[in-house]
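> Chain H is fixed; fit chain L onto it per the hints.
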Amino acid sequence: MIGEALIVLDGLTRRFGALTAVDRLSLEVRTGELFGIVGPDGAGKTTTLRMLAGVLPPSAGEAHIAGISVGRDPEGAKPFLAYMAQRFGLYEDLTVRENIEFYADLYRVPRRDRPARLERLYAFSNLGEFEHRLAGKLSGGMKQKLALCCSLIHHPRLLLLDEPTFGVDPISRRDLWLILHELVAEGVTVVVSTSYLDEAERCDRVALLHQGRMLALDAPTVLQESMSGRLFAVTTAAPRAARDRLRAHPAVQRAVLFGDLLHVVVQPDTPAASIAAVPGVQAVRPLDASLEDVFIHLVGEAAGQEAAA
Amino acid sequence: MRKHALDLGRLLAVARKETIQLRRDPRSLAMAFLLPLGLLLFFGYAISWDLKDLPIAVRDEDATRSSRELVDALEGSNFFQVAERLDSRAPIDHLLRHGQVRGVLVIPRGFSRDLAAGRRAPVQLLLDGSDANTAIIMMNYADAIAARWSQQVLLRGQQLPGLATAEPRVWYNPTLASRNMIVPGLIAVIMSIIAAMLTALTIAREWERGTMEQLAATPVHRLEVVFGKLLPYVVIGFIDVAGSTILGMLLFGVPLRGSVLLLAGLTLLFLLGALGLGIFISAALKSQVLATQVALVATYLPALLLSGFIFDLGAMAPVLQAISRIVPARYFIAVTRGIFLKGVGVQVLWIQGLSMIIFAAVGIGAATAAFRKRISA
Numbered sequence: 001m002i003g004e005a006l007i008v009l010d011g012l013t014r015r016f017g018a019l020t021a022v023d024r025l026s027l028e029v030r031t032g033e034l035f036g037i038v039g040p041d042g043a044g045k046t047t048t049l050r051m052l053a054g055v056l057p058p059s060a061g062e063a064h065i066a067g068i069s070v071g072r073d074p075e076g077a078k079p080f081l082a083y084m085a086q087r088f089g090l091y092e093d094l095t096v097r098e099n100i101e102f103y104a105d106l107y108r109v110p111r112r113d114r115p116a117r118l119e120r121l122y123a124f125s126n127l128g129e130f131e132h133r134l135a136g137k138l139s140g141g142m143k144q145k146l147a148l149c150c151s152l153i154h155h156p157r158l159l160l161l162d163e164p165t166f167g168v169d170p171i172s173r174r175d176l177w178l179i180l181h182e183l184v185a186e187g188v189t190v191v192v193s194t195s196y197l198d199e200a201e202r203c204d205r206v207a208l209l210h211q212g213r214m215l216a217l218d219a220p221t222v223l224q225e226s227m228s229g230r231l232f233a234v235t236t237a238a239p240r241a242a243r244d245r246l247r248a249h250p251a252v253q254r255a256v257l258f259g260d261l262l263h264v265v266v267q268p269d270t271p272a273a274s275i276a277a278v279p280g281v282q283a284v285r286p287l288d289a290s291l292e293d294v295f296i297h298l299v300g301e302a303a304g305q306e307a308a309a
Numbered sequence: 001m002r003k004h005a006l007d008l009g010r011l012l013a014v015a016r017k018e019t020i021q022l023r024r025d026p027r028s029l030a031m032a033f034l035l036p037l038g039l040l041l042f043f044g045y046a047i048s049w050d051l052k053d054l055p056i057a058v059r060d061e062d063a064t065r066s067s068r069e070l071v072d073a074l075e076g077s078n079f080f081q082v083a084e085r086l087d088s089r090a091p092i093d094h095l096l097r098h099g100q101v102r103g104v105l106v107i108p109r110g111f112s113r114d115l116a117a118g119r120r121a122p123v124q125l126l127l128d129g130s131d132a133n134t135a136i137i138m139m140n141y142a143d144a145i146a147a148r149w150s151q152q153v154l155l156r157g158q159q160l161p162g163l164a165t166a167e168p169r170v171w172y173n174p175t176l177a178s179r180n181m182i183v184p185g186l187i188a189v190i191m192s193i194i195a196a197m198l199t200a201l202t203i204a205r206e207w208e209r210g211t212m213e214q215l216a217a218t219p220v221h222r223l224e225v226v227f228g229k230l231l232p233y234v235v236i237g238f239i240d241v242a243g244s245t246i247l248g249m250l251l252f253g254v255p256l257r258g259s260v261l262l263l264a265g266l267t268l269l270f271l272l273g274a275l276g277l278g279i280f281i282s283a284a285l286k287s288q289v290l291a292t293q294v295a296l297v298a299t300y301l302p303a304l305l306l307s308g309f310i311f312d313l314g315a316m317a318p319v320l321q322a323i324s325r326i327v328p329a330r331y332f333i334a335v336t337r338g339i340f341l342k343g344v345g346v347q348v349l350w351i352q353g354l355s356m357i358i359f360a361a362v363g364i365g366a367a368t369a370a371f372r373k374r375i376s377a
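Chains H and L, in that order, are what the protein sequence lines are. Residue numbers for the first sequence follow my numbering, so the first one is 1 and each next one is one higher. Residue numbers for the second sequence follow my numbering, so the first one is 1 and each next one is one higher.
It is worth saying that the hints were derived from the structure and are not from the lab. We put the beta carbon where it would ideally sit given N, CA and C, even for glycine. Warning: the hint list may mix true and false statements.
[As the list claims (entries may be wrong)] Per label pair, the in silico range of CB-to-CB distance:
#1 L:Leu8 <-> H:Gln305: 49 to 59 Å
#2 H:Asp113 <-> L:Ala369: 32 to 42 Å
#3 L:Leu8 <-> H:Lys137: 27 to 37 Å
#4 L:Leu6 <-> H:Gly140: 34 to 44 Å
#5 L:Leu37 <-> H:His132: 25 to 35 Å
#6 H:His155 <-> L:Leu8: 52 to 62 Å
[Stated by the list, open to error] Sample of chain L residues facing chain H (criterion: CB under 8 Å; computed from the structure):
#7 Asp87
#8 Gln214
#9 Ala217
#10 Val220
Pulled out of the complex, with its shape left as it was, chain L reads as follows:
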């Protein structure tokens, strides 16, 4: 077996050919550039875990200045909107059951008297627990608002002895704006899917169109084909990530606290793996339709569900946690969130970097192994 050296000129020839073909194919161009930005806009606006103007009902049995102030404080927060003021507790069940309000605040008689006497003055918040997420968020909001209002009362010189309030402070994302969490994660999820989809077509298309048989008879090396096809898509991937970053910052106000250079470097590693995975699927299946579907299934659900994008990985069953370790989006999400929100550097992200180097090596290795310059059957 004689050695056939890799040749940069041939690699670039494949890349140039691929670029010309891409330029002339509006569908591929749309998928490469419009789809990722469109998805970012769509999800960026559609997904939000922030709650605003939640309708609540109020039953104020105390009916004093203090009780009205508390209700005003709730309403003034923008989180809640008082939709009903009740004369009795009778309609509470009906309102919650029919979903007309998400919660009911009951201020019992004697609230201001207890307050004035310096005793604890409990109020009751009835929540619709059928949507547990929302209920918990509402509870936290209401707690926080009540605590703040108590503090203001305290500042006005009224005595509230023995009232110890915990003061949780959220770092990195102080307003807990979920969009700040979503956009960096979304970039990672979208790129996982788009990258594999883009390259899933490349090798299969050549087998289907009969151009691969001709190409296979030339001295071009397998690695030259794989890397030559990878190269234009790496550039596209970079443009996509850069565009999404700029869009996220300008449109959604997401901060970019860390190093752009580090983000670029880790993005490159991620793209090599994700694009390599697409080429592997394409080379193994040799059918464009099949390859696109497999690429979508192999990336979409894991990137969405097992990456930490929506569900906290720490809270998952051990089996799912183990599976999530081979989901590349998981590492890229940690990278984008880490760099965007925390501004962390290599000393924190080296684990992710290492994981993505392995992913890139496996992706490209599998692509090269699956692609043969041989006609099968």
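Bound conformation, chain H alone:
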């Protein structure tokens, strides 16, 4: 399914005054991929997506979508992409149906195609029975589904979603992700930003962003494996004292309290026995790294490098 590069970022940069919101971002998103842009608030996710959507000009660098430069020709890619802003961007004083029709008009969707498309959109979003309700009177989850319907009415090749599950209840969140997987199965390329790392694990590949910089770019499983053998759960009677002693250990990069446990990241090829030998440590058990562990680790490394430089 996954083909050649649809999006190419080459040193993409956006500054707001003294702040560099996105700093020399270079990556490729391939056709048919479910691509995650992952990071905490202020990582540059929204800024990146806005530049891709052609609503915010880059300060430097380039982004091409299907060969079209978003900086030089921001309108060029708009007919075949869809962008869903983080903030609900539809008309609250228009009904569900009127909003969808408006977007169908803007993308010049032929009238004869509309009934079938509407039916499909209503089928997966369950918005059919609320067709005549004002958008402002929908719940948060339903608003997001409506925004998705408006984005999909013109059958875009590329879907850009900025934190689509932000402030959405868990059921609607799951529904939205099911829809995204369906779209990807149909060949749509999806770029989705999120600050939820459990959601990031559902993506084919993720770019981990922190303060405008990319820390890592790979499939979630690969990123997790990069830490295999380096993450341990340590059981101890006196966690705080043990943590301080572990931090003094030359092979330990990080030691963080997780309830009664300590999560410890060590240099590659450090034997577990070397950790178990630290006074106060009762047991050492290897852990599978979650994306969160990877992210925290990478942020720590980046901070360490910055401090060293």
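For chain L alone, kept in the frame of chain H given last:
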């Protein structure tokens, strides 16, 4: 850079969306329809430069049939009302000073004798000059009444040799009813303000509500947005002008002597410019509160003061005259007054038409230039 053709379907989609939103917003509807008609009624009744029943005092020292006839003629005109008949000249100063009367007519002894002898028979009119406008109008009224009365005396066979009277005749508005001047001008002033206010909200509202970011990511062209938003308001503007015209004719008896078609055409040009100005302000400021205030200030005072609505442009300082040339209301006032009162056609109003074409082009051009499908900061 590839070309993106304008699409009428998208333009109409924007217009339709805007119309639906308007229909569901009582505040905008009130501003679009009730406010202009309300203002017309309010100002139409409140502003009047016609004077009626001005209180005057009379000191008739002649006390003859002729002098009483002259006083009756003044009183019979409806312009004046004799509030006091004085026994001496002593209280005159007090009466004027306290504003109890606006003027005092003094008919000196010997008035009827001079009249009978065929000599000029002067009477004295003392006026309160602190309100110069009113004083001048009173003077003209009194002159006219006295002249007419003299003529009647003449017709009754009394000789008044050597009395040459100027006969001013006012064309287009023979009774000099100021309401006839006011209503057409008022329509132009009100529409200048309302038009800019209406569209001042449109773009700013979308930026504030976050709908513009979504709209900006679609292939819609800037011109499609600007014209799509303009269209419903042009229709509203037409309804307002038509309603005001009908109201002015039925309620205030204002004549409509010229071509309705010409009025419609020039109204369209004016609306395009005024509405475009509102969109420009909205797009440039991106804040509804700020845009409304700027639109009000930018239109209200110039339309009122520098348009010829109240003050004669010819009598203004050259600087103000120069500024008035960029006040669109000035041209629209000339159009409404010209068509309503004089019934003039294109051969006279082409200058105004041309000016308003320029205004429309500048307004819409500025609106399109200021509106970007880009998030700033």
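> Evaluate each hint against the coordinates.
Structure-based check of all given hints:
no. : hint                              : in the structure
1   : L:Leu8 <-> H:Gln305: 49 to 59 Å   : 57 Å, holds
2   : H:Asp113 <-> L:Ala369: 32 to 42 Å : 36 Å, holds
3   : L:Leu8 <-> H:Lys137: 27 to 37 Å   : 32 Å, holds
4   : L:Leu6 <-> H:Gly140: 34 to 44 Å   : 37 Å, holds
5   : L:Leu37 <-> H:His132: 25 to 35 Å  : 33 Å, holds
6   : H:His155 <-> L:Leu8: 52 to 62 Å   : 23 Å, violated
7   : Asp87                             : 74 Å, violated
8   : Gln214                            : 3 Å, holds
9   : Ala217                            : 4 Å, holds
10  : Val220                            : 5 Å, holds
Hints 6 and 7, counting from the list given before, are not met by this structure.
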